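Residue numbers (full-length UniProt numbering), protein chains in the order written: chain A, 1 to 433; chain B, 1 to 458.
Worth flagging that the hints you see were computed from the coordinates, not collected in a lab.
Possibly wrong hints are sitting among the right ones.
Here's a subset of chain B near chain A, in silico, CB distances under 8 Å, partners left out [to be verified]:
| hint | residue |
| --- | --- |
| 1 | 35 |
| 2 | 48 |
| 3 | 108 |
| 4 | 109 |
| 5 | 141 |
| 6 | 446 |
If you're wondering where the values come from, they're calculated on a predicted model, not measured in any experiment.
Using N, Cα and C, we set each Cβ at its ideal position, and we do this for glycine too.
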Amino acid sequence: MADLSTDFVGIKSPNPFWLASAPPTDKEYNVRRAFEAGWGGVVWKTLGLDPHVVNVNGPRYGVIHGADRRVLGINNIELITDRPLEVNLREIKAVKRDYPDRAMVVSVMVPCEEWAWKEILPKVEETGADGIELNFGCPHGMSERGMGSAVGQVPEYIEMVARWCKQTTRMPVIVKLTPNITDIRHPARAAHAGGADAVSLINTINSITSVNLDAMCPEPMIDGKGSHGGYCGAAVKPIALNMVAEIARDPATAGLPISGIGGVTTWRDAAEFLALGAGSVQVCTAAMTYGFGIIKELTAGLSEWMDRAGYDNIAAVTGRAVPNVSDWKNLNLNYVTKARIDQDLCIKCGRCYAACEDTSHQAIGMGPDRTFEVIDAECVACNLCVNVCPVQDCITMERLPAGATDPRTGRVVPAEFGDWTTHPNNPAAHAAE
Amino acid sequence: METGRTTPGVVAGRLPPDAYETNFADLHPRYDPHEAHVAADRCYFCYDAPCITACPTAIDIPLFIRQIATGLPEAAARTIFDSNILGGMCARVCPTETLCEEACVREAAEGKPVEIGRLQRYATDTLIGAGVHPYTRAAPTGRRIAVIGAGPGGLSCAHGLARRGHDVTVFEARPRPGGLNEYGIASYKTPDGFAQKEVAWLMQIGGITIEYGAEIGRDRSFDDIRAAHDAVFIGNGLRGVNALGLDGEDMAGVEDAVDFIARLRQAGDRAALPVGRDVVVIGGGMTAVDAAIQARLLGAQNVTMVYRRGAERLNASVYEQNLAQINGVRLITGAVPVRLHGDRAVERVEFAYTSDEGGRLVTMNDGFWLPADQVLKAIGQVMQPLTADPEAALDLDGTKLRTAGTGAVPSHPGVFAGGDCTASGEALTVTAVAQGRDAAAAIHDYLTDAQPAQKEPA
Ligand SMILES: Cc1cc2nc3c(=O)[nH]c(=O)nc-3n(C[C@H](O)[C@H](O)[C@H](O)COP(=O)(O)OP(=O)(O)OC[C@H]3O[C@@H](n4cnc5c(N)ncnc54)[C@H](O)[C@@H]3O)c2cc1C
Ligand SMILES: Cc1cc2nc3c(=O)[nH]c(=O)nc-3n(C[C@H](O)[C@H](O)[C@H](O)COP(=O)(O)O)c2cc1C
Ligand code: SF4
Ligand code: SF4
Ligand code: SF4
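Okay, chain A solo, but in the shape it has when bound (with noise of 0.2 Å):
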């Protein structure tokens, strides 16, 4: 069986599934029945300083739902934690102490001064727990008033408050980006630059999730008005990979340890998130969705698939996907596919036709009997087919092996590797000599 137990910049946890800093982690009692279900670590819910913050009192959720009301996306316009800082810290010291294999990090969010992180991070030093996480991501409320994703989007800030918290600390420092900016590897390397022993993204996106037409007024409505709010879920879980695997391949932080976050529902989005670098996940909408429980299809269903796949821990499956991760002028244009289609398979509702014909290549014909094929000398392999047709496996795409001819170039298929970089067409291309 798998080793699934976790050690992630030295915080040990059972498994590498936490939730993240949210309502699932901003109690004692929520905790605890966490742990009693299995998680095996928690982010708990961002602690600020005294006074306390508030939140709206009206709803504070939107939500994308599919056909039969499945949740595809929550954004929300909730604070940190609305609890008095001694109350927190009671919690988690007393949880702390009843679980101690269980990872207990501690988010936080206080204004960009030195005093305010020098003030806090010992009382939360004092709790026992095992790291601590800055909030630099949440997007909405707090950002208006200096904190949160207003910290995240400026990289000096990052640098400066990371280097304050490693000064302060013996605790690891897991600093949280936020999605919200062009170029996520600038933050990463800030924190990196200040020393931080890790990062976790994403926090949530920036978001409007519908509007009420009617009261002609965004959701959630709060007395007749709405306000931006962050995005999560299984709807970001893209998002999240690619900027988990920027920063995982990017030469500045290679090797910099990553809690991967967003979108993550089921084992395998948690696998993928390990192989594009991450050593830990936190889920948040999923738990908040279907309740705890789904902690036991997470953990079985990725020892399962690392006992079939031949992994033995988690750190065998961090990163493998990383080398594989490349740029677009890098990907080899020497391979030539087709779409092919298995008429047995087939049941003939013609969206690969009306996809390819109304907006691609014209590549697949339609017969008298509404037979659909694909026409060779047409298909540049875009793939929408693939992805349009409602049966797995019924088109698929198969290699032109070498020395075949491409019926719709008309020329023969090259053996070695052609990127590019070195495509006659490309202006700046260098044949390599």
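Got chain A sorted already, so can you dock chain B with the ligands onto it with the hints?
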């Protein structure tokens, strides 16, 4: 002893009073909005969708389903009505398992088609329920058209003509409109007086007058009607019924299934409807199934449907056969009635087994008896000629009217026909609607092309 299922004879009130409402409730209740969204999401929005091809009225099914999915069932209803003005009734009564849903690619994929009929009902109910009629009448043309029969064919044609600004008079033999929607379709398919509600909604277009109790060929002559109108549409359905041709067909307890059903459909209080303890239904089509099931629902103890040929030749779809069996109807195939026994009232039926010898049905010597206090004959309906005069008689194809593709009756210029009375298409509500709709377009063309609208002299 109290009256119950086992009380002999043809008696009323076999069931506890509250059982009738349950038994005759909606077979497929209307979706709630969430169910509709989930069902609509299953549609793939196929290219040149096979379901459209399979619908006799060619409703743009993927479009209306997408409109439901995006939260506008009213727009979906308009899409449906654009092709099928009786889309509300069709949604309830179409044998979708042999039409649109059979052709649905998800039937091929996983044996579970998109539930097109129920989605269609969800959409159409929204607009009809709100009393919104989405069409307006064109400026009056002054043309007058007679429509014979207020069934789905006649109503569809009348609406199409009225919309184009023509004045339509519908001559209907019965006291109420709807044809078999009102008198024939099984109660549980169209409960709560929907047939009448739908006609009232359809009539909102204006320009249509219905004369009830006006049987052409009896109360009025076909020729008079024809002479008094610019064009005529015949949608008189199949009023006649086939007889068994056996002695004793006039005994008490023996009747045509369509009459039994019509009585049931018109009954105010079903508990007051007499039904036999041992009911024998003869036939293998939709009418036989409907009569058999409804006899059971009224409290008959034993209902047996007997069909002369093998099960594979049954006209009723597999879905309907299953429905019959779920409702406790016994199905016997390969037997014909050879004698009705009884004194004044029928007591039992004698059957002979048959064998199919290369398509020819041969009656065997061997057979069986079934006790019967009620025998319902459902062995086919026939068209009743509108005129006894052989000179004026309309051209037939077999026993039904011969029509061109547009519904025109070639032998009689200006006369069109559609629905069950014609030889083309399956005898279904949706076919009648399609033919009525197309005939309206053809009549309009006929009136505008063949006889240019009267102009003021120059
Ligand atoms: C018991 C039964 C159950 C059925 N169930 C279904 C079902 O579930 N689904 C389905 O799709 N189809 C079903 N059908 C078939 C369907 O009802 C018919 O195909 C459809 O009603 C045909 O429409 P129509 O307008 O041609 O004729 P009809 O509905 O028969 O209407 C004809 C109208 O013309 C009137 N009329 C007749 N003669 C004259 C005259 N001389 N002068 C004036 N008026 C006249 C009649 O009174 C009637 O109102 C069923 C049929 C029966 C008998
Ligand atoms: C209601 C809500 C409140 C949140 N509050 C915090 C917070 O206080 N501190 C923080 O660092 N992140 C907060 N987050 C962000 C989550 O920790 C996490 O980064 C984000 O939801 C993405 O993960 P997910 O897709 O698994 O939900 C919050 C998210 C939600 C939904
Ligand atoms: S999309 Fe797939 S199932 Fe549909 S016609 Fe094309 S190949 Fe067949
Ligand atoms: S009218 Fe009947 S056949 Fe046509 S789509 Fe509707 S339910 Fe299906
Ligand atoms: S065939 Fe089925 S899936 Fe395709 S458009 Fe019609 S209802 Fe939708």
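Legend entry - Which numbered hints fail: Violated: hints 1, 5, 6.
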